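Novice: Chains as they are written, first to last, in numbering that gives the first Met the number 0: chain D, 0 to 332; chain H, 0 to 235; chain W, 0 to 379.
Accuracy of the hints is not assured; some may be wrong.
Computed list of lysine to aspartate or glutamate pairs in DMTMM-like fashion (alpha-carbon distance at most 20 Å, straight line) [to be verified]:
| id | chain 1 | residue 1 | chain 2 | residue 2 |
| --- | --- | --- | --- | --- |
| 1 | D | 48 | D | 127 |
| 2 | D | 48 | H | 62 |
| 3 | D | 48 | W | 373 |
Listed next, the stretches of chain W that the computed footprint assigns to chain H, with coverage defined by at least 3 CB atoms under 8 Å from CB atoms of chain H [as the list claims (entries may be wrong)]:
| id | segment |
| --- | --- |
| 4 | 1-7 |
| 5 | 67-76 |
| 6 | 356-365 |
Taking beta-carbon pairs under 7 Å as the criterion, some of the chain H residues facing chain W (in silico) [stated by the list, open to error]:
| id | residue |
| --- | --- |
| 7 | 78 |
| 8 | 85 |
| 9 | 112 |
| 10 | 123 |
Calculated directly from the structure, the hints in this document are not laboratory data.
Quantities reported herein were computed from a predicted structural model and do not represent experimental measurements.
C-beta atoms are modelled at their ideal positions from N, C-alpha and C, and glycine is treated no differently.
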Amino acid sequence: MMVQTPILALLLADLLGLLLLIPAGLFALQVLRHWDPSSGHARQLRLEKRTHLVAAILGLVFLAQLLALPLFVHAVDRMALQIVGAMCAVGTLNANPWGLPALLLRIGLFFLAAAWLLMHRMDRRAPDYPLIRAKYGLVLLILPLAVVTAGTQLAFFLQLDPDVITSCCGSLFSQDSESVAAHMAGLPALPTMIALYGTIGLALAAAGVYLRWRRGLLLFGTLAALSFPVAIAAIVAFLSLYVYEHPLHHCPFCLLQPEYGRIGYALYLPLFVATALGIGLAFTSAFAQREGLRAVLARAAPPLVVAAATGLALFAALTAWLSWQSNLILLGY
Amino acid sequence: MNARVELHGVRKAFQEGRPNAFWAIDGIDLSLPAGGVTVLAGPSGSGKTTLLTLIGCLARPTEGRVRLDGRDISGLPEPFLAALRRQTFGFVFQRFNLIRGLTVLDNVMLPAYPLGTPHRSLTRRATGLLERLGIGNRVDAQVESLSGGEAQRTAIARALINDPAVLIADEPTANLDTALSLAFLDIVSGLRADGRTLLLSSHDPLVREASVVDRVVELRDGRLVADHQGKRGPAG
Amino acid sequence: MTELRRTLARQRYLLDHTVASMTRRRARNLGLLLVYAAMVFLLASVLFYSSALKHEAALLLAEAPDIVVQRMVAGRHALISGQHAQTLRGIRGVRAAEGRLWGYHYDPAVRANYTLLVPPGAGIEPGTAVIGPALARARGAESGDVLGFRGHDGTLRPFQIAAVLPQESALASADLFLVAESDFRALFGIPDGQYTDLALQIPNPREERTVAEKVREALPDSRPILRDEMLRTYDAVFDWRSALVLLPLSGTLLAFAILAWEKASGLSADERREIGILKAIGWETGDVLAMKLWESGLLSLLAFLFGTAAAYWHVFGLSAPLLAPVMQGWSVLYPDFRLTPAIDATQLLALFFLTVLPYLAATLVPVWRAAVTDPDEVMR
Numbered sequence: 000m001m002v003q004t005p006i007l008a009l010l011l012a013d014l015l016g017l018l019l020l021i022p023a024g025l026f027a028l029q030v031l032r033h034w035d036p037s038s039g040h041a042r043q044l045r046l047e048k049r050t051h052l053v054a055a056i057l058g059l060v061f062l063a064q065l066l067a068l069p070l071f072v073h074a075v076d077r078m079a080l081q082i083v084g085a086m087c088a089v090g091t092l093n094a095n096p097w098g099l100p101a102l103l104l105r106i107g108l109f110f111l112a113a114a115w116l117l118m119h120r121m122d123r124r125a126p127d128y129p130l131i132r133a134k135y136g137l138v139l140l141i142l143p144l145a146v147v148t149a150g151t152q153l154a155f156f157l158q159l160d161p162d163v164i165t166s167c168c169g170s171l172f173s174q175d176s177e178s179v180a181a182h183m184a185g186l187p188a189l190p191t192m193i194a195l196y197g198t199i200g201l202a203l204a205a206a207g208v209y210l211r212w213r214r215g216l217l218l219f220g221t222l223a224a225l226s227f228p229v230a231i232a233a234i235v236a237f238l239s240l241y242v243y244e245h246p247l248h249h250c251p252f253c254l255l256q257p258e259y260g261r262i263g264y265a266l267y268l269p270l271f272v273a274t275a276l277g278i279g280l281a282f283t284s285a286f287a288q289r290e291g292l293r294a295v296l297a298r299a300a301p302p303l304v305v306a307a308a309t310g311l312a313l314f315a316a317l318t319a320w321l322s323w324q325s326n327l328i329l330l331g332y
Numbered sequence: 000m001n002a003r004v005e006l007h008g009v010r011k012a013f014q015e016g017r018p019n020a021f022w023a024i025d026g027i028d029l030s031l032p033a034g035g036v037t038v039l040a041g042p043s044g045s046g047k048t049t050l051l052t053l054i055g056c057l058a059r060p061t062e063g064r065v066r067l068d069g070r071d072i073s074g075l076p077e078p079f080l081a082a083l084r085r086q087t088f089g090f091v092f093q094r095f096n097l098i099r100g101l102t103v104l105d106n107v108m109l110p111a112y113p114l115g116t117p118h119r120s121l122t123r124r125a126t127g128l129l130e131r132l133g134i135g136n137r138v139d140a141q142v143e144s145l146s147g148g149e150a151q152r153t154a155i156a157r158a159l160i161n162d163p164a165v166l167i168a169d170e171p172t173a174n175l176d177t178a179l180s181l182a183f184l185d186i187v188s189g190l191r192a193d194g195r196t197l198l199l200s201s202h203d204p205l206v207r208e209a210s211v212v213d214r215v216v217e218l219r220d221g222r223l224v225a226d227h228q229g230k231r232g233p234a235g
Numbered sequence: 000m001t002e003l004r005r006t007l008a009r010q011r012y013l014l015d016h017t018v019a020s021m022t023r024r025r026a027r028n029l030g031l032l033l034v035y036a037a038m039v040f041l042l043a044s045v046l047f048y049s050s051a052l053k054h055e056a057a058l059l060l061a062e063a064p065d066i067v068v069q070r071m072v073a074g075r076h077a078l079i080s081g082q083h084a085q086t087l088r089g090i091r092g093v094r095a096a097e098g099r100l101w102g103y104h105y106d107p108a109v110r111a112n113y114t115l116l117v118p119p120g121a122g123i124e125p126g127t128a129v130i131g132p133a134l135a136r137a138r139g140a141e142s143g144d145v146l147g148f149r150g151h152d153g154t155l156r157p158f159q160i161a162a163v164l165p166q167e168s169a170l171a172s173a174d175l176f177l178v179a180e181s182d183f184r185a186l187f188g189i190p191d192g193q194y195t196d197l198a199l200q201i202p203n204p205r206e207e208r209t210v211a212e213k214v215r216e217a218l219p220d221s222r223p224i225l226r227d228e229m230l231r232t233y234d235a236v237f238d239w240r241s242a243l244v245l246l247p248l249s250g251t252l253l254a255f256a257i258l259a260w261e262k263a264s265g266l267s268a269d270e271r272r273e274i275g276i277l278k279a280i281g282w283e284t285g286d287v288l289a290m291k292l293w294e295s296g297l298l299s300l301l302a303f304l305f306g307t308a309a310a311y312w313h314v315f316g317l318s319a320p321l322l323a324p325v326m327q328g329w330s331v332l333y334p335d336f337r338l339t340p341a342i343d344a345t346q347l348l349a350l351f352f353l354t355v356l357p358y359l360a361a362t363l364v365p366v367w368r369a370a371v372t373d374p375d376e377v378m379r
């Protein structure tokens, strides 16, 4: 195992998250079984008080995941120095089979926590707790995901060994240790480009439809959520190549490095915001059968839709600009 | 300003599920029309204060329904009850419950913080209220330095800051001498003239028999035992 | 838009009220802040220090040869013949191969090891020496003074100090003692043609591995060490060391979390009453929760700022007097050097995780418990 401060910090964050989420999960079971908003009895009052604790816990988990993502990526990137053949984060993540799943699970956890918080905000505005069952069902989904994320990350770090010189052998050690795959493989550029601009275009159209006619919120949320994997595929397939001006460097992480002006943050930030909002809106509207919630959504959703659509548009615009100003030519005319 | 409060079969248990459980309010039906001054009378332990907390949304009934303008508010989630406490019901506590270490003005403005009212208009409103209550010169005083009468006026100003339709006062004259009690009744009559609904709990004869009172409701052991007109006669 | 403005105004009111209520309980909050900041300071010092050392090591190794070839006898590092350099020069990809002479000398006068080194090229006159700043300080020597060393055969050999190395060349040069080749051989009794090791220059980094393999074939008793490997090793060792120092500190972290929990749950009657009043006059649980979280957040932020600022000053201003003995460990002559400030965002983020997250987690439940105080509590 590599013993490093960021690793300790990440493990600690996961541990704390689990310590808080496990009671939240048990509480979710109680809510699903005993919730009765019309009751004024002591148990119902206790349950209602607990909902605030669960919201605070999910808020903290969300904050932790929000910060854990860049920490994880940068720590992994730094570790590449200690692993033969690894040039950046991709190499470290490929050093054993747990790396990439750990990252993807973490992203999933982040989005679910964000969606939960958004549902919670909407729920609090309607007087009959319309989303209470959906929300606590989601807690029961988040908890196992957090467990799996923590486990995967632990396995990743435990199996990650630095290639250091030992007294018995010098470079032979490095020679024998198998070199990790330093690059990612990308999809072909042109179809990915079409998929990216197509998906974002559809999402923006759906946003327009919703803002004009207040219809199709679920569709917009789903499209916004779907934009995330497509956007990541696009970054790997062509955008990274344009930015690095190197035909083989398909890395979604080096974009975050100062060598490239940390342009990645400008790309990922709107993308993550849009996706989180999209997932949250999709979840909320999927359960919005009750009248009270519809009224709440009609008031609260439009600005969120605008924010998410702006995020997607920013991402698409920045992608287009980066591709256009690059010296690399990927597509022949 | 319009706030009709109706109670239907309201009961409130304390220490629910324990051996020492008891019903502090044990089945009350009551209708309070908007406007006018109502006094809840009765010996201590009769459930006056508990009933005030149920009407003022400080607590929820264990059973039964409380309606505000026909809308059931007894099953509302906590944030909505808090909103009612903030905007529909102003509460003046027996021991005033001002927050020590803050000035009179800060204490008065506290209930408006969660609303995010712009600071300037909020300050203007608070000073206006304090002036109307005759303590405009104590705006920047620390509340520890206030006399009993000044503390009560500060508490009244705090209860009125969000312009509630109903003002509830729990034993308002318990800590005041006769002169201050009469001054309080003056304030009550001014607020009544504004069209506010006033609900007081008191076992002080001075209050029960005051000329401003429209109606006296008597409680005993958590039940309603008498309901008669006050000095002023029927409201309106 | 008005909704946004209201939300912001609400948060500002809550923040103002929090600050006011924190200053009213000044003593308690200051105590907690002090302990909190001290903990951040400790962890931050370790992190800053190890990253500064890593940075120094990387600078040092940037000038190191691409491959160093050592001869091993019975698993131990032994002298290597200069003739092998000739053999190695024949390997494709090797531009130059030079013998190096270096070693350690224990000086009983200051009870410390010096690093003796023959600089490449004919830099130093026989009978003279250039010494590192720490060594100069330890022996009270200046340029022109004479220092005597007892050689391997017991004879005393005087060296006139030709120069003292400048202070800023930091860590590695502090205990250096640079001498001429003939003096080095005489002092340690190393025969002509034998060297400590051989340094290879390989212009193309991609060929390093192949060259190393060929060195092993040509000289089966040798051990080639790549600069990359050294860099990797130093990196890992420093990471490992800082984590090793941090691990026992996690006990401190736990103790602190318990303290924070205690402080947060031990609400004074006064504070409980205050929250009850706020609830009764129309604050909802979310408002109180937000206020208490502001309190935790402000305290964390202040502690984090004070702690890291103090650690920065401790490590880069004062050269980490509290940590140097644990972390440095190159030789006994701790150089009085200034570390180059080297901090990256990843470290600060990790530090934030290690300190702020446990605090927030530990105070979450007590804060919630305070926030759900029943509004009718004030009536009882």
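Novice: Need the status of pair residue 48/D, residue 62/H: alpha-carbon distance at most 20 Å?
Specialist: The hint holds at about 19 Å.
Novice: For the hint on residue 123/H, does the least C-beta distance to chain W fall short of 7 Å?
Specialist: Because about 15 Å separates residue 123/H from the closest Cβ in chain W, which is outside the 7 Å limit, the hint is violated.
Novice: Is the hint on residue 112/H kept, meaning its closest Cβ partner in chain W is under 7 Å away?
Specialist: Residue 112/H check passes; min Cβ-Cβ to chain W is 4 Å, inside 7 Å.
Novice: Going straight from one Cα to the other, do residue 48/D and residue 373/W come out at no more than 20 Å?
Specialist: Given pair residue 48/D, residue 373/W holds - Cα atoms ~10 Å apart, limit 20 Å.
Novice: Under the criterion of a CB-CB separation shorter than 7 Å, is residue 78/H in contact with chain W as hinted?
Specialist: holds, 5 Å
Novice: Holds or violated: the segment 1-7 of chain W covered by chain H, criterion of 3 or more residues with Cβ-Cβ distance under 8 Å?
Specialist: holds (count 4)
Novice: Given that the segment 356-365 of chain W was listed as covered by chain H, double-check it with a C-beta distance under 8 Å for 3 or more residues.
Specialist: violated (count 0)
Novice: Apply the coverage criterion to the segment 67-76 of chain W and chain H: a residue qualifies when its Cβ sits closer than 8 Å to a Cβ of the chain, and three qualifying residues are needed.
Specialist: violated (count 0)
Novice: Under the criterion that the straight-line Cα-Cα distance not exceed 20 Å, is the pair residue 48/D, residue 127/D satisfied?
Specialist: Distance ~15 Å between residue 48/D and residue 127/D Cα, so the pair holds.
Novice: Mind checking the CB of residue 85/H against every CB in chain W and telling me if the closest is under 7 Å?
Specialist: holds, 3 Å
In terms of the numbered hints stated before, the structure departs from hints 5, 6, 10, listed from lowest to highest.
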